[in-house]
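2 protein chains.
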Amino acid sequence: MRFVYAFLLLFLLRISAFANDGYKLWLQYYPIENPSYWQTSTLKNYQIIGTSETIDIIKTELETAAAGLISKINPSVKNQKNTSNALLIAKYQDLNLNEIPKEQISQLGNEGYAIFLHNKSKQTVVTANSDIGLLYGTFRLLQMIQVGKIIPKEGIFQTPKINHRVLNHWDNLDRTVERGYAGFSIWNWHRLPRHIDQQYHDYARANASIGINGTVLTNVNANSLVLTPAYLEKVKALADVFRPYGIKVYLTARFSSPIEIGKLPTADPLDEDVQAWWKDKAKEIYEYIPDFGGFVVKADSEGQPGPHNYKRTQADGANMLAEALEPYGGIVMWRAFVYSEHTPDDRHKQAYNEFKPLDGKFKENVIIQVKNGAIDFQPREPFHPMFGAMPATPLMMEFQITQEYLGHDTHLAFLAPLFEEVLKEDTFREGAGSQIAKVIDGTLHNHKLTAMAGVANIGSDRNWTGHHFHQANWYTYGKMAWDPYLNSAEIAEEWLKLTFTSDKNFVEPIQNMMLASREMVVNYMTPLGLHHIMAESHHYGPGPWVTGGRRADWTATYYHQASETGIGFDRTKTGSNALEQYAEPIQKLWGDVETIPEEHLLWFHHLPWSHKLQNGKSLWDNIAIHYQKGVDEAKANVKLWETMQGKIDHERFAHVHSFLKIQAEEAIWWKDACLAYFSQFSKLPLPDGVENPAHDLEYYKSIKPRHVPGI
Amino acid sequence: MRFVYAFLLLFLLRISAFANDGYKLWLQYYPIENPSYWQTSTLKNYQIIGTSETIDIIKTELETAAAGLISKINPSVKNQKNTSNALLIAKYQDLNLNEIPKEQISQLGNEGYAIFLHNKSKQTVVTANSDIGLLYGTFRLLQMIQVGKIIPKEGIFQTPKINHRVLNHWDNLDRTVERGYAGFSIWNWHRLPRHIDQQYHDYARANASIGINGTVLTNVNANSLVLTPAYLEKVKALADVFRPYGIKVYLTARFSSPIEIGKLPTADPLDEDVQAWWKDKAKEIYEYIPDFGGFVVKADSEGQPGPHNYKRTQADGANMLAEALEPYGGIVMWRAFVYSEHTPDDRHKQAYNEFKPLDGKFKENVIIQVKNGAIDFQPREPFHPMFGAMPATPLMMEFQITQEYLGHDTHLAFLAPLFEEVLKEDTFREGAGSQIAKVIDGTLHNHKLTAMAGVANIGSDRNWTGHHFHQANWYTYGKMAWDPYLNSAEIAEEWLKLTFTSDKNFVEPIQNMMLASREMVVNYMTPLGLHHIMAESHHYGPGPWVTGGRRADWTATYYHQASETGIGFDRTKTGSNALEQYAEPIQKLWGDVETIPEEHLLWFHHLPWSHKLQNGKSLWDNIAIHYQKGVDEAKANVKLWETMQGKIDHERFAHVHSFLKIQAEEAIWWKDACLAYFSQFSKLPLPDGVENPAHDLEYYKSIKPRHVPGI
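Protein chains in written order, with full-length UniProt numbering: chain S, 1 to 711; chain E, 1 to 711.
For the record, the hints were derived by calculation from the structure and aren't laboratory data. One or more hints might be untrue.
All copies of an identical chain are treated as equivalent in the list; a pair is satisfied when it fits inside any one copy or across any two copies.
Said to hold, decoys possible - Mimicking DMTMM-like on lysine to aspartate or glutamate, the simulated pairs with C-alpha atoms at most 25 Å apart in a straight line are:
#, residue 1, residue 2
1, K122, E536
2, K59, E651
3, K120, E154
4, K263, E698
5, K612, E598
6, K647, D56
7, K701, E233
8, K248, D359
9, K236, E178
10, K236, E665
11, K704, E233
12, K635, E233
13, K279, D426
14, K349, D240
15, K149, E63
16, K661, E53
17, K311, E354
18, K349, D553
19, K504, E598
20, K704, E284
21, K704, E287
22, K311, D696
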């Protein structure tokens, strides 16, 4: 018999290995090698109390997990006589347990959960105050079983630190995705509402498994058509699918909608007809979707209409929408990404200048959505100066999961270190220890309305995200939106084990590769504080030569300021003085070329090519060495990955392999193009160990890829 | 032990049932219920002689099939001592068999295969003259094993009746698909050539399994960019994937390419520089792809450039390209779909008028690609009058697999009966028995260059084709391109058994549903010879009111000619006399309202509403009854399908269910809109049993769907 089971396991592995297209994400539930009695009995012998769609989802999840994680014919359990169920899943109100004090449970709130071993009954218990809490707890338990973690003696008590954990889909109604590199939109608007695709369920399930509880279905560059009845019916259909997974639906509200679909002559937020129109529209939406989450708005930016068109403030605009949503509990996520080519000031400064004076002027159900940095999702940016600077206004974080500036679909860049770096930055706004995570989770300024947004990297590709490893960025976003204090290394390890294998000969080296990958991208794209030097429009590949055109603030030369005298954007007092938007200790630290972290050097300082850095070498040599380092690492990753063959399924192995090879090629492209460009100003030779560009500058400038996705 | 195996099988079924997204098409290889000794031993005990990429593919296919079709631990075989292999796959030259005469094998040609039971060795033998023949034979054998067919005593000797069996992808370089309803293009041009997606292999494998041996990668509304080196590298990468599956790559050649990418001042086919440019281009292409198949050209039609721009003939254009391809064995598939709004003649007649005088004027490597009917892939068209009318020129068939006019993605319309109907039509050009199949397979006029094209319905949807049942149309196309004499019922049965289950309680009723489905669509869209009355531009839904605009020949009123006096397009001598383009017996039969098959009635005749049909009822009553019949059937299909729950996996069941419901709703939409429209002219009440439209005509005219896919 033993032989048969071993054979069977091999056989199952073989089939599942035959074609793994990655669709199952981190919910692979591959067989556990030597399941413990606890693992097996928990999965085979459980009781779930309650009835709801969410409870049904929990049941199905346990069945699916059990079918994958353990062999059903494992005889060691089969012959065991259990007097009670090994796993009990029930809301606290349905339990009869005296060991866990009620206060501890009530602190879990509506979304938290507890997992613990009950001393008396020896059962594993998952409990919560709501079915959604139970669902979150179940996913957590299954993740622990898969990766082989055990429940600590004191139990697990988890409650999300941020209330609104939302994905932002920059998806258009024609299914193109702005800055989307994994195919097209998964929302098939044409077939909705009549066809509910299985993928909508799978999407909601994946999000619930990592704690995401909201989704903005449409692009911030918005189309008012989505607010018409024909589309609201479709939105309702999606909301109905997502609800039992604890996910609310949000929409982007185009500010000019009252004109475009309401046939009003104006969209002035102080106009009574306009206000009434939005109130009616909100009422209508809530008739379709009683738990509609609210609006996300991009106004007065990059061609989008907004209150500026009527000489009103961002607060006027946001508050009008907030008032319309307020009766139903909806919120407005108003983006701070406001800047204009007509404002003769450093783009870095414009959002702060616009919003800081409005602190305290927003209604209670408005939250300002601030990108992590002041420019636009660069591989590295200093944190946005608005964080911590508006104590009377809730601010939320907007991260970009899709890799607009980090190599699109094919470049491995594990974003957890980027998110972690930003969240751990100290704003010093309430003295030392005023980390951004505390701004975001509301603790610094005592706000109850808290949120985080992640611009989704999800598309119609069979593996959802293009690069298999970009699934990790979706995963990370969910985990960090739940708890912005998590660390990257743990997330990477957990994701790898859930997604591929627990084999430490795979997990350890690949975890290291992931953790180093974002810095590698910074090195071969924008080292030492360089930024916004990518190709124009599609942002694919290097473009340090981009200049002129309609908007200076969309060129590369505006940002790198390279000339024979040096390179870098002077944002100190001698320059744009964007630095003054930060707290005093930051101003001091970053204002001095000797104390600013070198990673931000050229973001704030314009320096001669010969300027010496801490390693005693010149700025030029350091730039070149960073580029080379990025390239060397990208090449080394290919070699490392090749040693992983056979440790995971062939399909995903081969897919990642070709993407890593593309990344290594494009790292060289970046290095060569940037060094060829900058060397015309530095007029200095490349230091030892840095390879010369393979072609001249004209060659790199002549590369004009066509039909690049994502625009 | 027996219990364990039964349990195991259930377990496997359960897992595979959990999530079947249809990606595996007709290659499901689900477990055979009670495998015979022959089935099991054949799959477990085989020998393959030879070494090539194609041979490797055969090996993998057998492994995959065996893993799915039979339980590896079946003890009945395990204990059997076989002295020789049960299955032998080898080229004839590598066999040492005296039972099959050499002549019988040599007749198989380069793509045919033989499968037989060898009397002496008791082996099942698959043999052929080429590795590709072996691959085709292997797929056939596996299909037989899955559906439980046995090898007839006399063996199977199969050779394709048509040489070039090609899919036409109307895929654009930005991944949109013209008239594509299953998502976007599966060609990820941006990632090519550096990333070879698994899906390209899976595509080639699926095609090889049904005998398709060519693929035109790009839209007939062509972009010359695909002929530039950057794209030829990408095309080469696909060709390299497809080659071992026996599939050649073709491209669409934009006639104005010499101007657009060659910087010549003209594309005149008689200009020497232009001719030289195409020769150089062909040479360049063959350097990338030594077995490049050739060009498909849409010229002088719907805005495409062509020889007319230079007052040259279609033969001048085609021959220029043919001359360029000739040294390398390439062919030109020149489309006959040429018509112009500036030609003051019935669109039906224009292609014939253009091409018939050119008969015999084309070079030997040119074949004229003719749509099945003279208008444009309507739910039913009389066959194209060019078939049989150009004895000195090879003609190929162009079928449209994608359902531009048959309900797009959501309407079930099994197209085998449409294809079969056309292929069996008698052109009478060489007397009775001059079926179109004989024109196409070259036997009627003794042509060696033979081909069939199918406009693909393949996209990025997880199940490839949008509707699960539209996979059957891809399947049918492959089978009928191999053998245009096949019958629809057998294809439907085989496809159902391969794709879903062999359970006859499912197969029999659903086979009937499939076989009736195309006539159902004709009924609720365009009964009795009505045609081209769909909505404009996107062609989604009814649009009998479409009139005016840029081109009369793109309106509905041009085609139905409805007025108070009657309805129908007079194509007899009293009208456009398109009938004269057919052979005498057809002219006679169809020219007479009493003898013309009623299915073509209004295609050729304009008749008063009161005209009596064979059933004694008026034309108006018959129109209405046909519409109602289509609706009733669409509704009945939903009910029938609901009784199938549990007979197949839930995911595909639910998907098909919602699509059938959409179809029933849209059948009503078609009926109601068309009857509301036509009744304003007939001024007659609806006969008993026909439901009144739910809304007035203005309502139907006001439906303006946005962002309809496929344009």
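Here is how each hint holds up against the structure:
| no. | hint | verdict |
| --- | --- | --- |
| 1 | K122 x E536 | neither (62 Å within a copy, 69 Å between copies) |
| 2 | K59 x E651 | between (30 Å within a copy, 18 Å between copies) |
| 3 | K120 x E154 | within (15 Å within a copy, 74 Å between copies) |
| 4 | K263 x E698 | between (51 Å within a copy, 22 Å between copies) |
| 5 | K612 x E598 | within (11 Å within a copy, 91 Å between copies) |
| 6 | K647 x D56 | between (35 Å within a copy, 22 Å between copies) |
| 7 | K701 x E233 | between (48 Å within a copy, 21 Å between copies) |
| 8 | K248 x D359 | neither (28 Å within a copy, 65 Å between copies) |
| 9 | K236 x E178 | within (23 Å within a copy, 29 Å between copies) |
| 10 | K236 x E665 | between (45 Å within a copy, 20 Å between copies) |
| 11 | K704 x E233 | between (42 Å within a copy, 16 Å between copies) |
| 12 | K635 x E233 | between (50 Å within a copy, 23 Å between copies) |
| 13 | K279 x D426 | neither (40 Å within a copy, 67 Å between copies) |
| 14 | K349 x D240 | neither (42 Å within a copy, 53 Å between copies) |
| 15 | K149 x E63 | within (20 Å within a copy, 36 Å between copies) |
| 16 | K661 x E53 | between (45 Å within a copy, 24 Å between copies) |
| 17 | K311 x E354 | within (13 Å within a copy, 64 Å between copies) |
| 18 | K349 x D553 | within (12 Å within a copy, 59 Å between copies) |
| 19 | K504 x E598 | neither (35 Å within a copy, 73 Å between copies) |
| 20 | K704 x E284 | between (47 Å within a copy, 22 Å between copies) |
| 21 | K704 x E287 | between (49 Å within a copy, 24 Å between copies) |
| 22 | K311 x D696 | neither (49 Å within a copy, 46 Å between copies) |
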